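Asker: Sequence:
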Amino acid sequence: MCITGSESPVVVVLSESMEPGFARGDILFLHMSKDPIRAGEIVVYNIDGREIPIVHRVIKVHERRDTGNVDILTKGDNNFEDDISFYNGERWLQRHHIMGRAVG
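Residue 92 in UniProt numbering sits at position 92 of the sequence shown, with consecutive numbering throughout.
Please keep in mind that the hints were generated in silico from the structure rather than gathered at the bench. A portion of the hints provided could be inaccurate.
Below, a list of computed lysine-lysine pairs in the DSS-like style, where the Cα atoms sit at most 27 Å apart [unchecked claim]:
#	residue 1	residue 2
1	75	60
2	60	34
3	34	75
Keep in mind it's a predicted model, so treat the numbers as computed, not measured.
Start from the sequences, fold in the hints, and give me the full structure.
Answerer: Here it is, written out as structure tokens:
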């Protein structure tokens, strides 16, 4: 964790949701920094109650000025809809859901 900043430095893409950029079976290396998460980045996130992490692109970031917290919306490149249906009744991901950013 000290080199990548991520608890899980490597993940395998498990579906076709990120094609054509990433195919099922591709191995991604992860890095986690304190830099702000930005739209366009590919992140791996995990939702409470879900066993398998998801590799998707950040499509929207909203910073709350009152708290400084960041709301994150993601979507698979090959999906028609965003990921709100994965968020267990929430409208946004929070920073603690993000396991890392794809590198390379």
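Asker: Hint by hint, note whether the structure agrees.
Answerer: These are the hints, each one checked on the structure:
no.: 1; hint: 75 with 60; in the structure: holds, 9 Å
no.: 2; hint: 60 with 34; in the structure: holds, 18 Å
no.: 3; hint: 34 with 75; in the structure: holds, 22 Å
When the structure is compared with the earlier hints, no violation turns up for any of them.
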